[in-house]
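With chain A's structure known, arrange chain B on it following the hints.
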Amino acid sequence: MTATAERPAEIGQARRRKEDARLVTGRTMWTDNLTLPGMLHMAILHSPVAHARITRIDVSGARQRPGVVAAFSGQDFKDVQGTIPCAWPVTEDTVVPNHPSIAVDQVNHVGESVAVVVARSKAEAQDALEAIDIEYEPLPPVLDMEAALADGAPLVHPDLSSNKSFTWEFESGSAGTGRAIDDVLRDADVTVTRRFRQQRLIPAFLEPRSTVVQPQGEGVTVWSSTQVPHVLRTLMSLSLGIPEHKLRVIAPDVGGGFGGKLQVTPEEFLTTLVARRLGKPVKYTESRSELMMSGHHGRDQIQDVTITATRDGRLTGLDVHILADMGAYLRLITPGIPILGAFMYNGIYKFDAYRFVCDGVFTTKTPTDAVRGAGRPEATFAIERIVDELAVELGMDPMDLRRKNWITHDQFPFTTVTGITYDSGNYEAATDRALDLIEWDELKKEQAERRARHDTVQLGLGISTFSELCGWAPSRLLGALRYAGGGWEQATVRVLPTGKVEVVTGASPHGQGNETTWSQIVADRLGVPFDDVEVLHGDTQTSPRGWDTYGSRSAAVGAVAVSNAALRVVEKAKRVAAHLLEASEDDMEFVDGKFSVRGTPGAEKTIQDLAFEAFAAHDMPEGVEPNLDAEATFDPVALSFPHGTHLCAVDVDTETGRVTIRKYVCVDDVGTVINPLIVEGQVHGGVAHGIAQALYEEAVFDDDGNLTTGTLVDYMVPSAVDLPSFTTDRTVSPSTTNPLGVKGVGETGTIASTPAVVNAVVDALRPFGVNDVRMPCTPERVWRALQGGTR
Amino acid sequence: MTQVDVKVDGVAYRDDVEPRTLLVHYLREQLGKVGTVVGCDTSNCGACTVLLDGRSVKSCSVLAVQADGREVTTIEGLSGADGALHPVQQAFHDEHALQCGYCTPGMIMAACDLLRDNPDPSETEVREGIEGNLCRCTGYQNIVRAVQRAAKATVTS
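Those protein sequence lines, which keep their order, are chains A and B.
Residue numbers for the first sequence follow numbering that gives the first Met the number 0, so the first one is 0 and each next one is one higher.
Residue numbers for the second sequence follow numbering that gives the first Met the number 0, so the first one is 0 and each next one is one higher.
Extracted from the complex, chain A is given alone in its bound form (with noise of 0.2 Å):
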């Protein structure tokens, strides 16, 4: 049944985008813009302080305001509240602290919520937070991690025996997957040991998160600006005691993520709990300041990374100790973010052995949990930033040592030290053109040049050649890592009687394209219009199933099930049109949308005709049902690995600090495209995020546990004048795990880029005898390694 296409093929074609119309028009439905009939308002009383008891609490002044409604403390809903989940404990004995939506008698991070009033407007909610009475007593903040883990030091959660939530081990001799770490630490001719420090990042999507909730009866309706409503329901129910058939969640127009919405919030179950307890609908919207206190963060880690070589510069071994931050409580996925990058920390290069030991450290800040890479960046920034710091010590060009260590592209599939398969890949090829792109060897005869003649702006030259993992995840894969959850996803495609195709998909988007994306697939697969394809998401109701958007894996998990999903119709669709020709299965010929009998002209139907056909359904074939739908649900087998090499030239003055970036080039593998446009777009913000952590961003915490960077003022998201332009292309090695050959893109620039833009930094600092400076490289930062010598 396969026949050469007239048409030229969707998959591939820079489609603008569906999803743009509404959204350059202002006619977008995010979650603020809804308003019910007779909603309330809730405002949240926010923690002050980090770790303290509360000692009286007192609601009632509150309740005397203008248009208040109602307020509550933690008092009112501590039978009832359950715990915020965390669906990964990384090991068997990981210690998860009861997490409350709202404090009942202790807080333990600035930002928790304490008590909330329910007004008719916002502005009155508000207002009345200043006539709730409460009082606290201090308890030490826990701030530093190594401090916390000490004997004796004060605890987070005093009914806990430890502020350690786990410890997460891996050594790939006792896991057969390589030598004994030990051995070749041991026998090692050059050992290099740094220690690396990943600050505390802020998600920082431009929607604020809000939530509205409809009880009615039983019934309850969750709206909310969320990544995971799939994900959102079942937690909801299991935790609140919903009935889960009897919950909707409804994520409308969510205004990005970046790993922010990958979360079941406190103030989700806040508003539910508030909203059923009224037996009213109620809105929370929260302040950019509100946010960033309560929302979680992400990164930060002390990393501890030992990499050893023979002389001759041959990689051998690879030791990696890291300290975790988890905040004062475990939220989703928050003690398996260090461990996604547990199996990324060898990068492309082959060791004969490995050890990777994470402790997770509960501390008095806001919780962290994923933020675009979730894992992967942190892994990739120590064995790029280190490879670096080995190629010094080894006298060797750092391009020449990574050439002399990785995997190269006739050795796919290969498994690496960590026991994963890595599945295609060309590293050669993606460097080449990385290399010719920026005119490198221009840059280092200037370079050169700039250093002999002892220029105040030198420049640095970075290399960050990485690969990551995406497709998350084969379920059995994420059972085995201790994940709650699956990774399948699933879609549905029908075929409406007339002729216009509707997708159903279980990726839940907030930026990604996948209404225009999905619709190419289909159009392919059905040889119907692009623009007759319509892509529903997002609403349990229509949506029952699906594990939604986070981890690179939309395309590379949700695209394969809505492809699998058209070709079932298109099986469908030829039994019916076979019957209807009275030709054989065999004899049928599929063409741009079209099924005719081979060898006999003029006997034809289109895909559409056969939709009414079996709407109708009055002459269908023995045993087949009517409508042209069909469903399919992947679960992939393996994970995906894209790759690719970033390169990036920096200026930096020596007598200010200031770093500039003057040239970006990146060269990805994603394997196969489905639209370059969006695939474009991905890189773009994905590297202008890593940079952000190299130069600009940081959530800092002052010695009393305070959060000092809680606005936009403070914490530096960078604009477009803080960014420069990149120049991108890329290689093409299709996934081999999935039918497709998509390998994810939604992480490369950020996992990518950090390393690159520090590298270059250090590069550039490197006469003055500094190996390292600590992220983000800001001017003060810059100067002061200038002026040491080291960091």
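Just to be clear, a hint being listed does not mean it is correct.
[Stated by the list, open to error] Computed list of lysine-lysine pairs in BS3-like fashion (alpha-carbon distance at most 30 Å, straight line):
| # | chain 1 | residue 1 | chain 2 | residue 2 |
| --- | --- | --- | --- | --- |
| 1 | A | K604 | A | K499 |
| 2 | A | K443 | A | K349 |
| 3 | A | K571 | A | K593 |
| 4 | A | K17 | B | K151 |
| 5 | A | K279 | A | K245 |
| 6 | B | K6 | A | K121 |
| 7 | A | K662 | B | K151 |
| 8 | A | K349 | A | K403 |
| 9 | A | K499 | A | K571 |
[Claimed, not checked] If you only want the chain B side, here are some residues facing chain A, beta carbon under 10 Å, derived:
| # | residue |
| --- | --- |
| 10 | R19 |
| 11 | G34 |
| 12 | T73 |
| 13 | G76 |
| 14 | D93 |
| 15 | E94 |
| 16 | E127 |
| 17 | G128 |
| 18 | G138 |
| 19 | N141 |
| 20 | I142 |
[Stated by the list, open to error] Some chain A residues well away from chain B (every beta-carbon gap over 10 Å; in silico):
| # | residue |
| --- | --- |
| 21 | P47 |
| 22 | K349 |
| 23 | V391 |
| 24 | R567 |
| 25 | A616 |
| 26 | D634 |
| 27 | R661 |
In short, the hints are calculated from the structure, not lab data.
Ideal placement from N, C-alpha and C gives every residue a C-beta, glycine not left out.
Showing chain B alone in chain A's frame:
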């Protein structure tokens, strides 16, 4: 309460507002102009940018009473009466200058003001012109392209 007379997207309104009401809250909550959105509380993000008598303002930094007797244009009033996209809207679509789209209304309004002052901006001038508007999705590169494309479209039309 204070009475304001304000024209928004071509329609005249007379409303009573609390003197402390921000223009953005008046637009969203009283007029239902929810195309204009709020992204921060410190006037950094620019998501709420509208035109006030043709010049861009962050509508979180203007009181509704300050708009009395003046004309406001939001993203919802930018398209032509026939529904045709404004050249800046069209260019944002053509150049894939938006992903989640939350910053887009403000970014487009800021770009309109920039092009009014400078009909043919260089890349650097565009970047400086939209410095007050944050986007987390795009890395700005396609936004810069879109503004320059709109400039060309406006010049040639």
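Outcome of the hint check:
Only pairs whose Cα atoms come within 30 Å are accepted, and K604 of chain A paired with K499 of chain A is accepted, the gap being roughly 16 Å. This hinted pair checks out: K443 of chain A and K349 of chain A have alpha carbons roughly 28 Å apart, not beyond 30 Å. A C-alpha spacing of about 14 Å is found between K571 of chain A and K593 of chain A, which places the hinted pair at or below 30 Å, so the restraint holds. Between the alpha carbons of K17 of chain A and K151 of chain B the distance comes to roughly 24 Å, so the proposed pair stays at or under 30 Å and holds.
For the suggested pair K279 of chain A and K245 of chain A, the alpha carbons sit about 16 Å apart, so the restraint of at most 30 Å is met. With a C-alpha separation of about 25 Å, the suggested pair K6 of chain B and K121 of chain A falls inside the 30 Å cut-off, and the hint holds. Distance hint between K662 of chain A and K151 of chain B is fulfilled; the C-alpha atoms sit about 26 Å from each other, no more than 30 Å. Pair hint K349 of chain A plus K403 of chain A holds up; C-alpha atoms about 10 Å apart against a cutoff of 30 Å.
For a cut-off of 30 Å, the pair hint linking K499 of chain A to K571 of chain A stands: about 17 Å separates their Cα positions. For R19 of chain B, the interface hint holds, the least distance from its beta-carbon to any beta-carbon of chain A being 8 Å, beneath 10 Å. Restraint check, G34 of chain B versus chain A: the minimum CB separation of about 2 Å is within 10 Å; hint holds. Contact between T73 of chain B and chain A, as hinted, is supported at the beta carbon level, the nearest pair being about 7 Å apart and thus within 10 Å.
Contact between G76 of chain B and chain A, as hinted, is supported at the beta carbon level, the nearest pair being about 9 Å apart and thus within 10 Å. The restraint placing D93 of chain B at the interface with chain A holds, with a minimum CB-CB distance near 6 Å, inside the 10 Å limit. The beta carbon of E94 of chain B comes within 9 Å of a beta carbon in chain A, closer than 10 Å, and the hint placing it at the interface holds. This hint holds: E127 of chain B has a C-beta 6 Å from the nearest C-beta of chain A, less than the 10 Å allowed.
Look at G128 of chain B: its Cβ gets to within about 8 Å of chain A, closer than 10 Å, so that hint holds up. Look at G138 of chain B: its Cβ gets to within about 3 Å of chain A, closer than 10 Å, so that hint holds up. The interface hint given for N141 of chain B is met, as the beta carbon of that residue sits about 6 Å from the closest beta carbon of chain A, less than 10 Å. Hint status for I142 of chain B relative to chain A: holds, with the closest Cβ pair at about 7 Å, below 10 Å.
For P47 of chain A, the condition that its CB be more than 10 Å from all CB atoms of chain B holds, with the nearest at approximately 17 Å. In this structure K349 of chain A is separated from chain B by more than 10 Å, as the shortest Cβ-Cβ distance comes to about 33 Å. V391 of chain A, annotated as away from the interface, keeps every beta carbon of chain B farther than 10 Å; the closest lies near 31 Å. No beta-carbon of chain B is positioned within 10 Å of the beta-carbon of R567 of chain A; the least distance is around 31 Å.
The claim that A616 of chain A lies off the interface holds: its Cβ sits roughly 39 Å from the closest Cβ of chain B, which is beyond the 10 Å cut-off. For D634 of chain A, the requirement that its beta carbon stay farther than 10 Å from each beta carbon of chain B is met, with the minimum near 28 Å. Every C-beta of chain B lies more than 10 Å from that of R661 of chain A, the closest at about 14 Å, which supports listing it as non-interface.
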